[in-house]
Structures are given as C-alpha cells and as structure tokens.
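Number of protein chains: 2
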Amino acid sequence: MRDFSMHHDWLSLNTATIRKQWSLDRIIDECARRSVKAISPWRDQVAKVGLRNIASQLKSHDIGLSGYCRGGFFSAATREQREASLEDNRRTVDEACELGAPCVVLVVGGLPGALDGKPVYCDMGRARTEVFDGIASMLDYARGCGMPLAIEPLHPMQAAERACINTLEHALDICDALDPEESGLLGVALDVYHVWWDPKLEQQIKRAGARRLLAYHVCDWLTPTRDLLNDRGMMGDGVVELKKIRGWMEGAGFQGYCEIEIFSDRWWREAADAVLDTCISRYRTVV
Amino acid sequence: MRDFSMHHDWLSLNTATIRKQWSLDRIIDECARRSVKAISPWRDQVAKVGLRNIASQLKSHDIGLSGYCRGGFFSAATREQREASLEDNRRTVDEACELGAPCVVLVVGGLPGALDGKPVYCDMGRARTEVFDGIASMLDYARGCGMPLAIEPLHPMQAAERACINTLEHALDICDALDPEESGLLGVALDVYHVWWDPKLEQQIKRAGARRLLAYHVCDWLTPTRDLLNDRGMMGDGVVELKKIRGWMEGAGFQGYCEIEIFSDRWWREAADAVLDTCISRYRTVV
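Residue numbers (this note's numbering), protein chains in the order written: chain A, 441 to 727; chain B, 441 to 727.
Treat each hint with caution, since some may be false.
Here are a few chain B residues that sit away from chain A, every Cβ distance over 12 Å (derived from the structure) [said to hold, decoys possible]: (1) 449; (2) 456; (3) 490; (4) 491; (5) 538; (6) 550; (7) 557; (8) 609; (9) 642; (10) 684; (11) 692; (12) 712; (13) 714.
The calculated lysine-lysine pairs, modelled on DSS-like cross-linking and capped at a C-alpha distance of 25 Å, are [unchecked claim]: (14) B:684 - A:558; (15) B:640 - B:683; (16) A:683 - B:558; (17) A:683 - A:640; (18) B:684 - A:646; (19) A:684 - B:558.
Below, a sample of chain A positions facing chain B; criterion: calculated Cβ distance under 10 Å [unchecked claim]: (20) 581; (21) 620; (22) 624; (23) 638; (24) 678.
In short, the hints are calculated from the structure, not lab data. What you are looking at is a predicted structure, and each value in this text was computed from that prediction instead of being measured. Each residue gets a CB set at the ideal place from its N, CA and C atoms; glycine is no exception.
Next comes chain A alone, as it looks inside the complex:
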C-alpha cells in the first residue's frame, strides 16, 4: 500500500468541500499554494468562472483532475426530458475533455421529480431501465471522445432522489453489460460514504479491478448522522475503515488519487484555509 504519511501527492480535492467559502479560481490558487496536485470540480463552479479560464488556470498551475462532477440524471418523466438530459450529458463530456479530466462521474438519477418531493412515478424498475439506456447512449458519445464514464453507486438512502444504482455490484453488472471488453471507457467511482456498509465491498472491488476503478472518494460516516445529504464527516471523525478499504482498492490495482469529498454544513461554516489544512493532515494520517 502506498505510504501517504510523508507527502500528499495523491490527494485530490473535490471542490464541493469548500464551495460555500471560495470560488473555484480561488480554490485552485489555494490548492497550488499547498502543493495539492489534483481537484475534482463541479460544473456550476466551472461555469461561474468560465470553462476556458479554469482550463488555463489549471494548466498554468500544473494541477490535474481526478474527475469531473457530474453527469447523469438519466431517468425522466417524458421522452423530451430524457433527450434533454442526454444533450446536457454530451456537453458535460465536451467540458471534461477541455479540462483534461480522466473521467466524468455519473450520478445516474432516481425517481424523476423525487428530488423536488414530487415523484412523477414510483417504478424503480422503470427508472433503472431508463438509467441503463441513458448510460448506453452517453457511452456511445463518450467513446468518440475517448472520455471514460464512472458510474457512482450512491447510498441506498439516496435511491429515490439521486441514484437508483446503490451498490458496487449493481454498477459493475451494468459495466459488464455495456462494456464487456473492459475498454477502460466505463467503470465506477467508489465513494466510501456510499458503500462502506456493504458486506460484499471487498469482493466487488476485487471483481472491478484496475480497469473499472476510475475514481476513489473519501470522507467519513458520522454516528449519529443528522442529515441524509449534508452531514458527511472529515476522515477520522467517523466509523469508516479508510485504510482497510484503500488496501482493497490498491490490492485490486488502483493507484490513482484519493479524492476528498465532504458535503457538510459543519465544514462549510469553517474558514476554508482550516478545512484545507485539516484535509491534508487527515489524508496523511488516517486515509
């Protein structure tokens, strides 16, 4: 297993972690000052500063990406909405190419309308079929650009609102169906927050192997967890066996960035400098 204690060359910052404190250009400057070598930005943060500006700022600082957030939300109430989602996903792939991202992370969508508290239908089987078809269609486009897609299984508590793919096993079944040749263009983004509880996690990480393991996200699961979305913990403050899971990842051949992704009202209230410094020190000690 790689030794993380002496430097943070394999740390990436998911920029949602301090999105409420700083704009993306400020985040990139501050990451550069701290020798953080990669980030994973969100589309809306990029759009606010401008795609070209961000691309050139990253280049001048020699900062890479560990992923681009995010594509997905394929399920929809009507054919028109599904088409609009696919069009938007194609734009996401184009942006990811311009930024030099290694992959687009997919939050695939759940029951349409559920995110606004008004599910249009409650048929999980239908949602999953629409998601499958959506990934297939996006993959056709992404293949043409050479841009890998990383399906992110979300925690089952977010199945209705955000993603009806909730286990690594399910995500890999879809990868095998759509990309049996393991081209490297379809795989998974593994976020410990979503999957730490899964009794089949070790087995499925092995099954995935290096060709499918496109991204690795860390934070922690707090006890108690007070909110289903914005109560993620800083690494070391919760119960996730971070070193054990990274051991499984590396045992399966993963050698990429550990991306720190914390959505947390508590950490969004802190000074961003302190958050960044805490991320780096926890990365070196507990990740």
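Go by the hints and put chain B onto chain A.
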C-alpha cells in the same frame, strides 16, 4: 394475490406505531374493537403492563402476534457484554413463548457504542462475526423452545448503530450457513422500509421462499426523508411499490400478516384513533 380490499384479516399492528399515545393494554383493547387480529408488541411495552397480563388479555380478545420485538444486539465490546446480551436474548425467547409469538424479530446490532455516538471499535468484519456467533448461540436455545428467529436486515443507513446485516441476501446467507436444513426456526423479517431500494429484492425473496419468510412489515419511504430513524411514512404517502413487493412475497409462498410499523414523529403527534383508522384504510387500498 390476496384481496385486502374487503376486510383487514391479515393486518397486524406493530405497537410502536402508537406507542407514544397509548399503553399496550389500551392498544390491544382498541385493536379488538376494530377487529384487528394481530399485533407485534415491543418488550418494554409488555413489561410496563406485565407479561402475564398481556398474555391473558390477548387470549381473551383472541388476538394473535405476528412477531415479538425484539432480540439481537449481539455485537459488544467485551466477552461479558456479549454474554449478558445472550442471556437477555434467552429471556426474550421465553417471553415470546409465553405470548405465543410466531417468531422473535432480531435487530442484530452494529458497532458497539455507536448508538450512543461512541463506537468502541470500527471493524464491521468483527461486528459481523460477533453477530453470526450470537445468532448461532441464540438459535441453539430457540430450537429447544421451538421458537423461530427472524433476522431483520436494516437499512444501510442504520448499519453502524443498529444492524450490520443490511441486505436480504446477507441475511439469507447467514440463514443458509446456520440452518441449512431449513428447519423453519431461522428466517427473515422483511420490512419494506429497509429493503425497498435493493435491486436484488425480487430475486432474494424468491430465494428465501415460504420457509424463510417469517414476517412482512410495511410503511413507506418519504421524499424527502428528514430523519434517519423516525420519519417513516404511512403507506401511500411515499415511493415504495407496496403491491409489487407483496406480490413477490406471496409469489414466494408467504401468506402471513402484513404488519404495519411506523416510527414517525408526525404520526406520534396524531390522535391514536385517527392513526389506527388511517392504517386500516390504507391497508385496504394501497398495501
């Protein structure tokens, strides 16, 4: 599939649903008035009125049980605590026998101490081993009494605090390991709230079959869900495909009670009469 629209002969009430409004003896009287034929009571509710009193009240009203809540919490920090838990579980089996319960429901436990916000260890593998050993030991005792044990997989969001068995597949793997002969003395309690999201649900219900399907609990999953424990929905207010899942259960041979189990700050604030009447009418229309 059984027709529930004309009567509620297969409705059972989990008595936690109105625990904040009425004591258990009042609940039993009110269920009898409404021709509810079964309940599933909690140990503390029984203890408050007295085991013998409840047993004779049930008998005089000819009200049965669909389960007894609950055994479990096998994982623990020390050998002494594990022994104490087993002793307590044996008493639970004895009480279930006196009440004529068809099974004891097991909430198996997660990381010891996590429920109080102070996990003693974070090793899910260890917790699962202790849980496995605990079920094995309890099963020895339950066999002697002829009392079936029903493992209840809990939602993954409760893995740390309450139960490290979080999928039906995992529960059935344990059943197969400890009771390969399918004696009828070890099975599962399936609560839609915990498992509705699972892409393998239909497949695993089929695998379970009538010998393993010992209890079936219904409520609903709300969007948004505002609390990880006490924000369950009344059937019909959320996104769970209740008729589809009951179809799978009955297709696998289950013909028992549909137990309504709602932990909800919203419904605990309502008049218990209204809650009971709503349960009955929703049972007839959407379950």
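Any hints this thing doesn't respect? Which numbers, in order?
6, 7, 8, 9, 10, 18, 20, 21 and 22
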